[in-house]
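Peer 1: Please put together the full structure from these sequences, using the hints given.
Residue numbers (UniProt numbering), protein chains in the order written: chain A, 1 to 343; chain B, 1 to 343.
Accuracy of the hints is not assured; some may be wrong.
Here are some, though not all, of the chain A residues that point toward chain B, as calculated from beta-carbon distances under 10 Å [to be verified]: (1) Y44; (2) A88; (3) D91; (4) L251; (5) T322; (6) I325.
Some residues of chain B that are not near chain A, with every Cβ distance over 10 Å (derived) [stated by the list, open to error]: (7) T16; (8) L77; (9) A208.
Here are some of the chain A residues that sit facing chain B, going by a computed Cβ distance under 8 Å [to be verified]: (10) Q37; (11) L42; (12) R45; (13) S47; (14) S49; (15) A52; (16) P66; (17) L77; (18) E113; (19) R115.
I should point out that these hints are in silico values taken from the structure, not numbers from a laboratory.
Even glycine gets a Cβ: it sits at the ideal position worked out from N, Cα and C.
Protein chains: 2
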Amino acid sequence: MNIGEIARRAGVSRSTVSYALSGKRPVSEDTRRKIQQVVDELGYRPSASARALANGRTSTIGLVFPPAGNHYTGMQLDFIGSVVEAAAAYDYDVLLSPSGMDSDRSFQRLLGERRVDGAILMEIRLEDDRADHLAELDFPSVAIGRTAHPEGSWWVGLDHTALVQACVHHLADLGHRRVAFVNRPEQLLRAGYESAHRGLDGFTKAAAERGLTVRTYCCGDDAASGQGCVERILHDDPATTALVTLNEAALGGLYRGLAQAGRHVPRDFSVTGVVASRWAETVTPQLTAADVPAAELGRLAVDLLVERLDHPDAPPRHHLLTPPISLRASTGPAGATRSDATP
Amino acid sequence: MNIGEIARRAGVSRSTVSYALSGKRPVSEDTRRKIQQVVDELGYRPSASARALANGRTSTIGLVFPPAGNHYTGMQLDFIGSVVEAAAAYDYDVLLSPSGMDSDRSFQRLLGERRVDGAILMEIRLEDDRADHLAELDFPSVAIGRTAHPEGSWWVGLDHTALVQACVHHLADLGHRRVAFVNRPEQLLRAGYESAHRGLDGFTKAAAERGLTVRTYCCGDDAASGQGCVERILHDDPATTALVTLNEAALGGLYRGLAQAGRHVPRDFSVTGVVASRWAETVTPQLTAADVPAAELGRLAVDLLVERLDHPDAPPRHHLLTPPISLRASTGPAGATRSDATP
DNA sequence: GTCCGCCATCGAACCGGTTCGACGAAGGAG
DNA sequence: CTCCTTCGTCGAACCGGTTCGATGGCGGAC
Numbered sequence: 001m002n003i004g005e006i007a008r009r010a011g012v013s014r015s016t017v018s019y020a021l022s023g024k025r026p027v028s029e030d031t032r033r034k035i036q037q038v039v040d041e042l043g044y045r046p047s048a049s050a051r052a053l054a055n056g057r058t059s060t061i062g063l064v065f066p067p068a069g070n071h072y073t074g075m076q077l078d079f080i081g082s083v084v085e086a087a088a089a090y091d092y093d094v095l096l097s098p099s100g101m102d103s104d105r106s107f108q109r110l111l112g113e114r115r116v117d118g119a120i121l122m123e124i125r126l127e128d129d130r131a132d133h134l135a136e137l138d139f140p141s142v143a144i145g146r147t148a149h150p151e152g153s154w155w156v157g158l159d160h161t162a163l164v165q166a167c168v169h170h171l172a173d174l175g176h177r178r179v180a181f182v183n184r185p186e187q188l189l190r191a192g193y194e195s196a197h198r199g200l201d202g203f204t205k206a207a208a209e210r211g212l213t214v215r216t217y218c219c220g221d222d223a224a225s226g227q228g229c230v231e232r233i234l235h236d237d238p239a240t241t242a243l244v245t246l247n248e249a250a251l252g253g254l255y256r257g258l259a260q261a262g263r264h265v266p267r268d269f270s271v272t273g274v275v276a277s278r279w280a281e282t283v284t285p286q287l288t289a290a291d292v293p294a295a296e297l298g299r300l301a302v303d304l305l306v307e308r309l310d311h312p313d314a315p316p317r318h319h320l321l322t323p324p325i326s327l328r329a330s331t332g333p334a335g336a337t338r339s340d341a342t343p
Numbered sequence: 001m002n003i004g005e006i007a008r009r010a011g012v013s014r015s016t017v018s019y020a021l022s023g024k025r026p027v028s029e030d031t032r033r034k035i036q037q038v039v040d041e042l043g044y045r046p047s048a049s050a051r052a053l054a055n056g057r058t059s060t061i062g063l064v065f066p067p068a069g070n071h072y073t074g075m076q077l078d079f080i081g082s083v084v085e086a087a088a089a090y091d092y093d094v095l096l097s098p099s100g101m102d103s104d105r106s107f108q109r110l111l112g113e114r115r116v117d118g119a120i121l122m123e124i125r126l127e128d129d130r131a132d133h134l135a136e137l138d139f140p141s142v143a144i145g146r147t148a149h150p151e152g153s154w155w156v157g158l159d160h161t162a163l164v165q166a167c168v169h170h171l172a173d174l175g176h177r178r179v180a181f182v183n184r185p186e187q188l189l190r191a192g193y194e195s196a197h198r199g200l201d202g203f204t205k206a207a208a209e210r211g212l213t214v215r216t217y218c219c220g221d222d223a224a225s226g227q228g229c230v231e232r233i234l235h236d237d238p239a240t241t242a243l244v245t246l247n248e249a250a251l252g253g254l255y256r257g258l259a260q261a262g263r264h265v266p267r268d269f270s271v272t273g274v275v276a277s278r279w280a281e282t283v284t285p286q287l288t289a290a291d292v293p294a295a296e297l298g299r300l301a302v303d304l305l306v307e308r309l310d311h312p313d314a315p316p317r318h319h320l321l322t323p324p325i326s327l328r329a330s331t332g333p334a335g336a337t338r339s340d341a342t343p
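Peer 2: Written out as structure tokens, the structure reads:
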């Protein structure tokens, strides 16, 4: 079942078989047919390991994501799916690598043992040692998200700052004056996760611009935390009439918390944020939100990585996406009937 | 940066380096130290491709899941995460393969090109050509789910029949007499997806046992379909007071449909089913459901696969899980106030 | 002092492909 | 008829590890 066996049965040399299959040198029509026939007969496929060893490319890309400790969110799922699909279109396989730190064993495997030709990094931090490490080695990679200093590197990302700003302006336009921000978990914020930081920046900036009274919260990635977070918000400032969130996984909990506090969405309270559309459509009322185009980001990341692999000297490229807010049903004008507004 | 370089710098032969690092033959303490020092200095790591070629094992397992066309559900995400994590603990990498059919290009890559040592199959069908193909080749694999004839093969799975039966009995015990079943999409049922079939069987069987009046529905994997499905249910039989579902992704839509029809959960209408706990807890009221232990299934699948790889002649093993129903807040006694019950 | 055995190390072959340089036959130009 | 190309094919080297059999040096037993 190796190339020598094919060569013998076809009555030619191993190199001829190789050339016939790769087309890298001309082979006479007769021999080509003969070889192809033997190959088809035996169902021969060249060994990926041998090929990788010989030409130094594995035809595999690594997808590096954080360890499972914190739950995966729906966004991450969509990324993974679209990356795999896009990679398959370019004839690349995808190797999953759960990796937190730079010194990580799994990360070392990918790079040190040369298991992959390139890597896609998820869940980028503003100061990201994995990204720094890859840049240092000049290892082909594309980040999903951008670090504090993205110059000279390849990435695709969402303009979280602008997105959250748009959410705040949307609420301010509706007349909301007291707004809360529900961020990702505190440990992620402290670790420097890009979306958490830039989202928070955008929130603070836009709130200042519009002269809003705001509070910001961190919230665990699950329903119970979301519910608790709403309780904190309404306890800290019962006059709050709206919130903006980046936290997809807490969304259901946020809604539950509001319902239990007797706040009707959107009549008494508006909710918006940055969330993948399939999750925005799951809650009732459906969430008015900047839809995260996770699948598109995944596809673009693969496009960029393949370009970088094909042209090692190409100048860095990136894509910064700013999807519009999809108006659904979770936001409305402030100052409608609210029980505790008229004591 | 290859083993020859290490050997030269340490003043020994390549084989000695190999033995020093693998420990497969004794090496004097002095040489071992010298070699280790050079290795550390240069940060040497043996090439995975070369090693795979030499000893015929890639230290990689393939995770085969259906193409992205149909959305991924939360369950699948949890599987992927836990499989990757469990595999890492055994020093295996995970290669993702989107694969529908047996003749699939991607599937051929995995097997034909020997990219992986073994495979884990997700989304098993009762008659599954991928599973048959693997069994025929005697290729080490573990299925998540079991085919119609699982004898002699390795698998982990959920007893969907028993789980759905438990749901039906729970509803019947509460006095519900007219119950609907919301299954996965019709195309998946027709394709023979195991969970859809066994779940339906369990539903039909238990309903007959308890003498219930039932209807069964297929429902797309998204919120809009769920909402539409509830409309169909209430149109077909307005006296329906409960439903059982396997369809995680439609859950939010089911709730919305009920709310829009003026049915309060759980006062007017009970909802239950088989759903991962994190999703059951997202909706309000939280779903009483048999919690799918996706992470545990993933881990067990890896355990079994590794065992099979280590002991090629071991007899087939499997794990059939039947998690209990978690009582939450979405079911209640039938026959409470219902507007259209008293015209 | 000689012989035996063990331990540590080495050299060579092998895994299964790719690729380069060379070589022989056929065909065209002179 | 010879010379020079061109085309198709072959053999050998190489990618970077692993593994087997062989070899050399040393110490202990007699």
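Peer 1: Indicate, hint by hint, whether the structure satisfies it.
Peer 2: How the hints compare with the structure:
Interface hint at Y44 (chain A): satisfied, since its Cβ lies 8 Å from the closest Cβ of chain B, which is below the 10 Å cut-off. Annotation: interface hint on A88 (chain A) holds; nearest CB of chain B at approximately 6 Å, less than 10 Å. For D91 (chain A), the shortest C-beta to C-beta distance to chain B is roughly 8 Å, which falls under 10 Å, so the interface hint holds. A least Cβ separation of about 8 Å between L251 (chain A) and chain B falls short of the 10 Å threshold, and the interface hint therefore holds.
The beta carbon of T322 (chain A) is not positioned within 10 Å of any beta carbon in chain B (closest approach about 24 Å), and the interface hint is therefore violated. Interface hint status for I325 (chain A): violated, as the beta-carbon distance to the closest one in chain B is roughly 19 Å, over 10 Å. Chain A leaves T16 (chain B) outside its interface by the beta-carbon criterion, the shortest separation being 21 Å against a cut-off of 10 Å. A beta-carbon of chain A is positioned within 10 Å of the beta-carbon of L77 (chain B); the least distance is around 4 Å.
Even its closest Cβ contact with chain A, about 33 Å, leaves A208 (chain B) beyond 10 Å, as expected for a residue assigned away from the interface. Of the supplied interface hints, the one on Q37 (chain A) is violated, with its beta-carbon coming no nearer than about 18 Å to a beta-carbon of chain B, more than 8 Å. Below 8 Å, beta-carbon pairs count as interface contacts, and L42 (chain A) has none with chain B, the closest being about 11 Å; its hint is therefore violated. Checking R45 (chain A) against chain B: minimum C-beta separation of about 3 Å stays under 8 Å; hint holds.
Because the closest C-beta pair between S47 (chain A) and chain B is about 5 Å apart, less than 8 Å, the hint holds. Restraint check, S49 (chain A) versus chain B: the minimum CB separation of about 4 Å is within 8 Å; hint holds. A least Cβ separation of about 4 Å between A52 (chain A) and chain B falls short of the 8 Å threshold, and the interface hint therefore holds. Because the beta carbon of P66 (chain A) sits about 10 Å from the nearest beta carbon in chain B, more than 8 Å, this interface hint is broken.
With 8 Å as the threshold, the beta carbon of L77 (chain A) comes within range of chain B, its nearest partner Cβ sitting at about 4 Å, so the hint holds. Among the interface hints, the one on E113 (chain A) holds; its C-beta lies about 4 Å from the nearest C-beta in chain B, closer than the 8 Å criterion. Interface hint at R115 (chain A): satisfied, since its Cβ lies 5 Å from the closest Cβ of chain B, which is below the 8 Å cut-off.
Checked against the numbered hints above, the structure violates hints 5, 6, 8, 10, 11 and 16; every other hint is satisfied.
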